[in-house]
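Whole structure, please, built from the sequences with the hints as guidance.
At position 13 of the sequence shown (counting the first as 1) the number is 13 in our numbering, and the numbers step up by one without a gap.
The set of hints was computed from the structure by calculation and includes no laboratory data.
Ranges between beta-carbon positions, derived for each pair:
#1 Ser40 with Ala201: 35 to 41 angstroms
#2 Lys208 with Arg166: 17 to 23 angstroms
#3 Arg63 with Arg204: 22 to 28 angstroms
#4 Arg93 with Glu213: 36 to 42 angstroms
#5 Thr99 with Gly189: 46 to 52 angstroms
#6 Leu188 with Thr99: 42 to 48 angstroms
#7 Leu169 with Arg126: 39 to 45 angstroms
#8 Lys97 with Glu213: 40 to 46 angstroms
#9 Arg126 with Ala67: 22 to 28 angstroms
#10 Glu50 with Ala201: 42 to 48 angstroms
Heads up, the beta-carbon is just placed ideally off N, CA and C, and yes, glycines get one too.
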Amino acid sequence: MACQQATGEASPSGGPGDGIASHRESFDPGVLWDSLVKDSGAQVVVWDLEGRFLFVNEHAAHRMGAAPDSIIGRLITEVFPGRMGEERLGLIRQACKSTRPLRVEGVTGGHRLRTVLRCVGEGEARRVLAVTLHGSAADPPGASDHRYEPVELHTSDAGVLDRLSRRQLEVLRLIGEGQSDEQIAAHLGIAVKTVTAHRGALARRLGKSGRLELVRFALERGLVAVPPPRPDIRSASIGWIE
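Shown next, in the form of structure tokens:
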């Protein structure tokens, strides 16, 4: 597997082109790899079967709060200590035993994320490629797609969401859906002034200045189901990235 650790200029053998069946010969795998790691907004990571980071793109490194060079060469159990790291190491190994790529859903750093784990290469040269995108509170489009083995993480890191009560999370989710204080009050069976108080407390606790920022926060954290893209746009996406 070819992989330039610092910049990701080279593509893994058998990598991005695998999901394109009929016109594979028309694409330069290196261009597809660059587009994936630099342009897509996805978090892209490559590990060996011991869970050692071989490649981390800028998006993934930013989510982990470090520069790529400071992560490459470390074990996943060092970056995610305790049960979180052990579970993720198990999934790396499971990806190379499964007959299908794994589609993993879970909360990390307070964000609900969806990751596809795909084993590439053969024998001792096998590596695991992970592509992570924001998920949503609802099942993602194509969740029943039998091309993938679905996995839900048992360990999670709620991040700043740990500061919120269950009722505050409910209110935040409904704000994210665009509901007014009156609509939220009717939905939850509480007084409008109670909803207003919750909204003010959420803004203070999360450091947000108003409703619009709370809506954006709820969307970013995957608390609100996002409608699927239009079919004509979706058909243009690379097949193995959902």
